[in-house]
Amino acid sequence: MKSITFKSISKLIPFLVIILLLIACSSTPTEAHWLYDYEEAQGLAEQENKNILLFFVGSDWDEVSIALSNDIFPSKPFLSKIASEYILVQLDFPEDEDLITEEQFYRNYDVANRFALEGIPSAVLTTKEGYVIDKYNEIADDEISDAEKAADFIKQIQKSKKKSTTIISTVKKMDKAEGPKKAKLVDTILNQLNSDYTYLHSELIAQIPEHDPDNTTKLYEKYLLQLTYPKSMEALYAGDYENAIQMLVEVAENKKISKKDSQEAYYTAAYLNAQMGLEDEQTIAYLQLAYDVDPESEIAQNVQQIISMIQLEMAEKQNTDFSEEYLTEDNAN
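This note's numbering applies: residue 1 is where the sequence shown begins, and numbers increase by one.
Incorrect hints may appear among the rest.
When the alpha-carbon atoms are kept at most 20 Å apart in a straight line, the in silico SDA-like pairs for lysine to any residue are as follows [what the hints assert, rightly or not]:
no.: 1; residue 1: 50; residue 2: 119
no.: 2; residue 1: 161; residue 2: 101
no.: 3; residue 1: 159; residue 2: 77
no.: 4; residue 1: 176; residue 2: 105
no.: 5; residue 1: 260; residue 2: 229
Think of the hints as simulated: they come from the structure by calculation, not from any bench.
My request is simple: use the sequences and hints to build the entire structure.
This is how it looks when you write it as structure tokens:
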């Protein structure tokens, strides 16, 4: 029998290393690594240069959330295709107060409010900076089982994989770029983010005029409304209501912006005018301008309904005032 020597073993080491590496690469983790604090997740995402997948669940009362926890999160497809790709966060809203501290509940509530949570369960995919790539909601279909609804989250999330990877690489390029080139890369990223959460992307949008002050990229008008919102809100909080509204009206009147942005600017001006208790006639005037910008838009019909509702309320108030005045005169006689 041929004896085994150190020399013969040493020849096998490279092959053993390769085999071990292949096993390590092909193996699926036995459980997902979850965090329960979004800010902590952002710190880890920064270190690992990953995006964040955030789940909002009701662990002790929502059946789909329970199916996610029991069947989906431990499953091989989730562990192999999703858990390894993202920093995972789970924010719970249980009915049993003993399952969560009051401090944690309010932290979870703040995050849910930030992302305008529409229901439970739901999920949001964000960059490490907090920019929203996609959101995922439960299928609204009573004929589908809770288990199928839970499994559908994997399908939805998988559709975002390419976009998620692209954004990471584009952000990396953007961080190294300067001037108008950086502004263009910012625009590229914004085009891939979820437009429902533009209000969370203001810091990113602000980099466009910062790095392209001469507007050589012609992007300024594209983001003019979003650049104006922070200034308008600042004036509003300072008590300068008229200026806050006028800023939006001036944006709406800009012929270089899109119909959608112009309509939104007039609509927001009307909303602020109404909220501040200013004249109803002016609120109606702004709403009418919003409608006239694009009568075929998705919100045009809603704008008309609001105009009709305000006009009806004004008429009822006028009738009430007239009746009270009549009664006062009648009693005086």
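Comparing the hints with the structure gives:
1. 50 <-> 119: violated, 26 Å
2. 161 <-> 101: Violated - the C-alpha atoms of residue 101 and residue 161 are around 34 Å apart, more than 20 Å.
3. 159 <-> 77: With Cα atoms ~14 Å apart, residue 159 and residue 77 stay inside 20 Å; holds.
4. 176 <-> 105: The hint is violated at about 39 Å.
5. 260 <-> 229: The hint holds at about 15 Å.
Against the hints set out earlier in the document, violations occur for numbers 1, 2 and 4.
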